[in-house]
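Line order of the protein sequences matches chains A and B. Counting along the first sequence from 1, when you hit position 5 you're at 5 in this note's numbering, and nothing is skipped either side. Counting along the second sequence from 1, when you hit position 27 you're at 27 in this note's numbering, and nothing is skipped either side.
There may be inaccurate statements among the hints.
Stated by the list, open to error - Now the in silico label distances, taken between C-beta atoms and shown as ranges:
no.: 1; chain 1: B; residue 1: R110; chain 2: A; residue 2: G69; range: 13 to 23 angstroms
no.: 2; chain 1: A; residue 1: L243; chain 2: B; residue 2: F21; range: 56 to 66 angstroms
no.: 3; chain 1: B; residue 1: L79; chain 2: A; residue 2: R147; range: 41 to 51 angstroms
Claimed, not checked - Listing some non-contacts, in silico: residues in chain B with all C-beta distances to chain A over 12 angstroms:
no.: 4; residue: V10
no.: 5; residue: L25
no.: 6; residue: R58
no.: 7; residue: N64
Don't read these hints as lab results, they were simulated from the structure. Even glycine gets a Cβ: it sits at the ideal position worked out from N, Cα and C.
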Amino acid sequence: MSWSNVPTTDAALEGDAIRHTGVLVVIPAYDERECIADVVGEVGSAGFHCLVVDDGSRDGTADIAAACGAAVVRLPINLGVGGALRTGFRYAVDHGYTTVVQVDADGQHVAEHIRHLVAALDDQSLDMVVGSRFADDGTYPMTYVRRLCVRVLSFVIRRSGKVGITDPTSGFRAIRSPLLGAFAADFPAHYLGDTFEAVLVAARRGYRLGEVPVEMRERQGGRPSADLYALVQAMLRACTVLLTGTTFDLPARDNDRSRP
Amino acid sequence: MSTTAKQALVLLLGGIVIGGFILRLARKRLLSTRYAIGWLVIGGLVAIAAILMPFVGRLGRLANMTPTAVLLTMSSVLLLAISVQLSISVSLLQERLRTTAEAHALLARRLDELEQRADH
Chain A
1 MSWSNVPTTD
11 AALEGDAIRH
21 TGVLVVIPAY
31 DERECIADVV
41 GEVGSAGFHC
51 LVVDDGSRDG
61 TADIAAACGA
71 AVVRLPINLG
81 VGGALRTGFR
91 YAVDHGYTTV
101 VQVDADGQHV
111 AEHIRHLVAA
121 LDDQSLDMVV
131 GSRFADDGTY
141 PMTYVRRLCV
151 RVLSFVIRRS
161 GKVGITDPTS
171 GFRAIRSPLL
181 GAFAADFPAH
191 YLGDTFEAVL
201 VAARRGYRLG
211 EVPVEMRERQ
221 GGRPSADLYA
231 LVQAMLRACT
241 VLLTGTTFDL
251 PARDNDRSRP
Chain B
1 MSTTAKQALV
11 LLLGGIVIGG
21 FILRLARKRL
31 LSTRYAIGWL
41 VIGGLVAIAA
51 ILMPFVGRLG
61 RLANMTPTAV
71 LLTMSSVLLL
81 AISVQLSISV
91 SLLQERLRTT
101 AEAHALLARR
111 LDELEQRADH
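Based on the sequences and whatever the hints tell you, model everything.
Here it is, written out as structure tokens:
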């Protein structure tokens, strides 16, 4: 796919401010007190509404986020990223938002890129846009094993979903209705279900996916949520999805009204 | 006393112990009635297996197995079935817990919004 029609200069995007009214930035957060204030502030100054879904944190993340002016939904127990995201999707649908941009709470995503993801949704009439670390120049630092795993997952999506997503485990994504509504109804909660599996199933069910190159920072604090053990789990998941099919219900996209 | 009779006696005692233990757990409300009944049925099955030891012996001869092997095989299959059933229950409960937690969080947020609006 090509990104040639993605506006990248700020001037080209200035006129899009009105589009941002229907956009909600959802930040799933679990024990991220060191970073959450910066992330909320950054998203706010980029001009987006911001919802922090506190995933049962015990370090006061929710209070910090609320003090920074974010809307906060507090899950009473830790559900994992998938559960936190589905809560965010439901909140977005309930409050009339048509687009959700998912941003990690650890500060590795650059809020300036949110508008690029949203612009790609509109300009290429896509249902989901993934912010990719590799689509650009591949300089993002990553261990060899992790990079290999990501390549395999990407290969699976290309073969099975017929779409090129170079960074399927990226947690930086924009999702628009009708896919948003479908994800609000059912979304996988297990590890990597929220990233890899959601991308794969959406592609298979006829939703239009794309990716946009983004720069990512090193984690600003907290601990990495995905270690080697987790990646092994991810590979197992990829195998089970291919063997047993999907683990959540996603209605096929209604292609009659797909092209505006 | 023959080996089979000894085995039957042990099984019978085992069944009674299981039954007593389950009843005690149920009375302390550590076990819900549904599972208590399930385990009592299993205790009953063990007791019945004890009574049917001669029959199990004949069954074993048909399959060229000792009565002990027949009983062990049967109990392994039973335990496997129970574990799978419990795993299914736990998965279902996790899904329900997740849905409930999400609804709880969204409702709490909604309440906050409404309270803030009422204050102004």
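To see whether the hints hold, each was checked on the structure:
Restraint check, B:R110 to A:G69: a C-beta distance of roughly 19 angstroms satisfies the suggested window 13 to 23 angstroms. Checked against the hint of 56 to 66 angstroms, the C-beta distance between A:L243 and B:F21 comes to roughly 40 angstroms, which is inconsistent with it. Between B:L79 and A:R147 the C-beta distance comes to about 43 angstroms, which sits within the given range of 41 to 51 angstroms. At the 12 angstroms boundary, the C-beta of B:V10 stays outside the reach of chain A, the nearest C-beta of that chain being 42 angstroms off.
The claim that B:L25 is not at the interface with chain A holds, since no C-beta of that chain comes within 12 angstroms of its own (minimum 26 angstroms). Residue-level check passed: B:R58 sits 41 angstroms from the nearest beta carbon of chain A, beyond 12 angstroms. Interface exclusion of B:N64 from chain A stands, the closest Cβ pair being 36 angstroms apart, more than 12 angstroms.
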